[in-house]
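**Q** As a plain string of letters, each chain reads:
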Amino acid sequence: MKTTLTVNGNHHSLDLDPRVTLLDALRDHLHLTGSKKGCDHGQCGACTVIVDGRRINACLSLAVMHDGDDVTTVEGLSIDGRSDLQSNFVKHDGMQCGFCTPGQLCSATAVMDEIANGWPSHVSQDLEGPYELTRDELSERMSGNLCRCSCYPGINAAILETAEQETDHVEAAE
Amino acid sequence: MKPFDFQRPDDLGTAHDAARDGATFVGGGTNLIDLMKLEIMSPDTLVDISRLGLDAIQAHGHGLHIGASVTNSDLAADMRVRQDYPVLSRALLAGASGQLRNKATTGGNLLQRTRCPYFYDKDTACNKRSPGSGCAALGGELRNHAVLGTSEHCIALHPSDMAVALRMLDALVEIEDTEGDRREVALDDLYRLPGDRPDLETTLAPGDLITGVILPAPMVGRQLYRKVRDRASYAFALVSVAATLRMEDGKIAATALAFGGIGTRPWRDPEVETLLIGETPSTALFDKAGEVLMKGATLHEGLAFKETLTKRVLSATLKELTQ
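Chains B and W supply the protein sequences, listed in that same order. If you count by our numbering, then the first sequence holds residues 1 to 174, one letter each, in order. If you count by our numbering, then the second sequence holds residues 1 to 323, one letter each, in order.
It is worth saying that the hints were derived from the structure and are not from the lab. Virtual Cβ for every residue (Gly too), placed ideally from N, Cα, C. It cannot be assumed that every hint is accurate.
As the list claims (entries may be wrong) - In silico lysine-lysine, DSS-like type, Cα no more than 27 Å apart, as pairs:
(1) LYS37(W) - LYS2(W)
(2) LYS251(W) - LYS319(W)
(3) LYS2(W) - LYS2(B)
(4) LYS37(B) - LYS37(W)
(5) LYS37(W) - LYS2(B)
(6) LYS2(W) - LYS37(B)
(7) LYS251(W) - LYS288(W)
(8) LYS319(W) - LYS295(W)
(9) LYS311(W) - LYS288(W)
(10) LYS37(B) - LYS2(B)
(11) LYS91(B) - LYS37(B)
(12) LYS37(W) - LYS122(W)
(13) LYS288(W) - LYS319(W)
(14) LYS311(W) - LYS295(W)
(15) LYS122(W) - LYS37(B)
Unchecked claim - According to the in silico footprint, chain B covers these stretches of chain W (three or more CB under 8 Å from chain B):
(16) 3-10
(17) 86-96
Chain W on its own, in the form it takes in the complex (with noise of 0.2 Å):
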């Protein structure tokens, strides 16, 4: 690791004067430690933010505000949400392990970095930690890789539970810049596609601070996070999906969802939703939504089963959802 600068304010003020001048945060470090070890990540500086009154989950209108800090078993465990929120429960409860799950924040988990294993060997080409440098990847072994949102340049999988099941609630990111002003952002406005440049991977400025998560009033149906992955337990998606899903007189009134395992971001399409809402469920709508999802899936040699999977996946969540 290399040598660094340690700080660990306990005002919002201090963390931003910092950031001003190049600092990285760290939350639970779970991810962050682990690329400083690599030395694939290497900030001069880093600032300790588990100190800035961050970690409060609170009433906002009719949903909920869930500050940066508040670790990912804090979440899960929450009343409010295992009751109004089911899926983000699951979701989290369905990553890592209990020990990270301890230490890991919701404004950490996601901010993550890919898991893609040319991404963490230093010896391969990869765009994102070299720019420019090539893809190892495209042309090496393919498995936690995506299919959805890849570029020529990049098909680093985003590998959060969390935040697919953020994305299919309308999650909303606060964040604060600098100078203390804050914004909030869709998580499609967070996360950008690798295009040419997989390394710029959200919008964020230098010096943005996510300070919390917004949960818009609960979605009226059934929720469900469904995730398919190489081990029973401790493993990242293949394939997940969260979903929301209301029925009226034999009819879908409402859905939403989201995928995991399978996009450079948490992903969603308006199109499938649209496809399946007023009409009446059958194998056959189900099958045709997973045409609709993966129709612009570019399956790189050794991922031909993610399509296969997802359609599966997405046709058995549906067929729970709406018996």
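Isolated chain B (complex conformation) (with noise of 0.2 Å):
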């Protein structure tokens, strides 16, 4: 079945089985083995990919469901060079083997939008924002994308850290 996506800014036209599941468009058609295959099950995060501006798990969803959207992997968010989160990932090491990785960092910067958003979670106190990322809001938000190697103490820190740069970038600006 023709299906069109655009991935990290670049236009694709594929004919795919309707069974091929978005997350396998990206690794085994595109080739953009940069999205990982954990569960395959929507339980671990590993897959998590940024659709039309949101993170969905790529795993449990079919790639013709997504004729025509704007798909974002791990391999996107470093067009211009290491992203801010990226470098923060390396700085606090965020990480031992790895495999969990682009999922947090797709995961990760779609949060920061979320918040920006004045999105609620679980743990906030109130339903109407604004929202901060404190370590509270990031686990939750975050509950999404396991760790095998519960590498948290660095990933949050990365996380957090990113998130106060951006802060003190808005406020500047400003």
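Two chains, two frames, some hints: make the complex.
**A** Encoded structure:
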């Protein structure tokens, strides 16, 4: 089935069996192997990509359901050089084996947008916002990304430092 | 995954045509695609309903109309829902993960299948998966299973948090049949109890499409969703309660209560509410409410904790809402 996808800014026209998941289309058809297949059941988050600005589990979605969609994978986070988030993952040692890292990076990128857009979470005290990325908010919002090496202290430190840097940038711009 | 035809129509008429021929609808697919990978569900034709314009949240009388394709994220973040139906936002935010909420839809959430591990394990007996094969859960390891509304054929739990809040809010489910005729049904009229046919989970006729959910005018009173689970986030409820309660002159003037984690469908027991209304709050009263709620419970080995936990969660919820 003909399906068009824009992935990391590049336009692709694919002819896919409807059974191909978005994750398999990215990895096996477009050879973007950054997104990882961990559990393949939406439980681990290693396959997290950003579709039309929203993070999703690419393993639980069929590629043909995304005709015309705009997809950002981990490869797309560093088109203009390593992102601040990626640099902070290196600085804080936010990985051991690295298998979950692409999903962590895509998920955290989207989490910072969700905070900026005033989306509440389960641990938010009030529902009307605005919200800051506290440690509690971070743990809750990143709960769909598991790290079997349990590098959560480094992952959390990297995301929190990036969020602080972004806040500083916004304040400097104002 | 078994081969299937895929359609992504952009009008309801085409979707109905496909449904008349036996197609299965897919919303976000977060449960269905998984079940198709496991070949527990194997539709011949899959119809993507994400392009039918069912993704709006609109005023509806004094309430809201939520399109079936509205994602769980968008519904939880909608300011009208946050302000007037905070229990619904809270229930949604207590469920799944950020990634899943971005894909899962309102209609799909209602129709998600149980997470009973025996339903997912094709090497075991399951009356829901293979009618008449038996139930491996009975006599097996039990935890995320129902204690109310069960039968000797099935004790599978309805896993949704969202549906518990909707049940408490007296939401109506809007359904369109293959002729395009619409009807609205209450949640208790959508979900069947398992009885001797646990494979028949809803009253939907073949080809019926859930097009939306209608919330009546918000109830006056404080709203709350309390969920207890095995880990702090991204886990199904062991017990949950959606509640609205209004106090007047030191007495409970009105209340509505629905429960998750304990029933074969989102659970509501009018007897519990009747018992509470007009009474002065007390621990003894809350305990009595718990007794009434759990009086019909079937506590198979491994599930006895649910009785204690449900009573405590209910009591704590009522205490908080009456303070």
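**Q** Each hint: holds or not?
**A** Results for each hint:
| no. | hint | verdict |
| --- | --- | --- |
| 1 | LYS37(W) - LYS2(W) | holds, 8 Å |
| 2 | LYS251(W) - LYS319(W) | holds, 13 Å |
| 3 | LYS2(W) - LYS2(B) | holds, 19 Å |
| 4 | LYS37(B) - LYS37(W) | holds, 14 Å |
| 5 | LYS37(W) - LYS2(B) | holds, 22 Å |
| 6 | LYS2(W) - LYS37(B) | holds, 20 Å |
| 7 | LYS251(W) - LYS288(W) | holds, 16 Å |
| 8 | LYS319(W) - LYS295(W) | holds, 21 Å |
| 9 | LYS311(W) - LYS288(W) | holds, 9 Å |
| 10 | LYS37(B) - LYS2(B) | holds, 24 Å |
| 11 | LYS91(B) - LYS37(B) | holds, 25 Å |
| 12 | LYS37(W) - LYS122(W) | holds, 12 Å |
| 13 | LYS288(W) - LYS319(W) | holds, 13 Å |
| 14 | LYS311(W) - LYS295(W) | holds, 11 Å |
| 15 | LYS122(W) - LYS37(B) | holds, 23 Å |
| 16 | 3-10 | holds (count 5) |
| 17 | 86-96 | holds (count 6) |
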